[in-house]
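A.B. asks: Sequence:
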Amino acid sequence: MKEQFKRILQMLIAAVAAYAAIFGCMFFFIQMDLLDYIKENYPSPVTLLLELVVALLVIAILILAIRYIERTPIGRFGFHWRKEETALLLIVAVITFVLCFAFTWIVTRMSGQSLHFRPFDVSIAGFLGFALIAKAFAAFHEELLARAYFMTKLANLRPWAAILITAILFALLHVPIKGMEMYSMLSWFFGGITYGYMYWRSRNIWVPTVAHTLHNFINELFLGSGGLSLLAQDLMIGGIEKTWYKLGLMLALLAATRAIYRTEYRNHEVDNIESKKIQPTYIH
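Note that the numbering used here numbers the sequence shown so that position 17 is 5, with each residue one more than the last.
For the record, the hints were derived by calculation from the structure and aren't laboratory data.
Among the clues, some could well be false.
[As the list claims (entries may be wrong)] The following label-pair restraints were derived from C-beta to C-beta distances:
| # | residue 1 | residue 2 | range |
| --- | --- | --- | --- |
| 1 | 72 | 166 | 31 to 37 Å |
| 2 | 163 | 45 | 16 to 22 Å |
| 3 | 74 | 121 | 18 to 24 Å |
| 4 | 166 | 81 | 47 to 53 Å |
| 5 | 160 | 52 | 32 to 38 Å |
| 6 | 242 | 160 | 18 to 24 Å |
The beta carbon of each residue, even a glycine, is placed where N, CA and C say it ideally should be.
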């Protein structure tokens, strides 16, 4: 019980450290009168650059805390790469794109509209490429905390218990920034289940990070508004419709992950990945 309490306390400290970095940046933005600019102009090259800077700051704080305060090698969280990861992430990209596009098409047809796409040119391609990089680092800092660190701390629990707990924590991590709206909470919870299961099966932090990045980026292309949207019109989609879409996406991605990683790991400790002949890359 004492050891479990210590693990929970360490998880809370890590979460507080991440939030301190985020709110520190927000306080700086407020002092510099940048917060209103970000809200009004997101996404734009400047706001995406600020998002990237914040993500890099949080990543640096988490890595320093894990490496030098807990004295834990970052490599234990899984930075290997195998053919299974390549196959899964290709499937994830296809499933996410197809389901998102199909959902967008169905919603527009049901509302009596037609899909209209914006003209595409080189400048838009460059902007989307930069946005993808910013989204990737933003996803990585969330996965490093919610999946790699939290799930390692809960490795003594049954896998589904650890996945459920980290999914709840993942949803709660969004509340101070984005508020506690029921359908959004459910979407974050479904995402937490999906990425947690991917991490448990792969023992690879890159898998949930890339899947998370693809989800956020592709959803911005079709369901977002502003500079990242490929559509010429803004779609009015209710929270319940998006929740059903996120539930369907979660089930599809869970099935794909299960199909790729057919052999379950009998030992669920991340520390024992060497026994599977996986050589993690340690960062010193």
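A.B. asks: Between residue 160 and residue 52, does the C-beta distance stay in 32 to 38 Å?
C.D. replies: 24 Å, violated
A.B. asks: Holds or violated: the 18 to 24 Å window for the beta-carbon distance between residue 242 and residue 160?
C.D. replies: 22 Å, holds
A.B. asks: Within 47 to 53 Å: is that where the Cβ-Cβ distance between residue 166 and residue 81 falls?
C.D. replies: About 25 Å separates the Cβ atoms of residue 166 and residue 81, which means 47 to 53 Å is violated.
A.B. asks: Is the hinted range of 18 to 24 Å satisfied by the C-beta distance from residue 74 to residue 121?
C.D. replies: 20 Å, holds
A.B. asks: Does the beta carbon distance between residue 72 and residue 166 stay inside 31 to 37 Å, or does it fall outside?
C.D. replies: 33 Å, holds
A.B. asks: Taking the Cβ atom of residue 163 and the Cβ atom of residue 45, is their distance within the range 16 to 22 Å?
C.D. replies: 20 Å, holds
When the structure is compared with the earlier hints, violations turn up for hints 4 and 5 and for no others.
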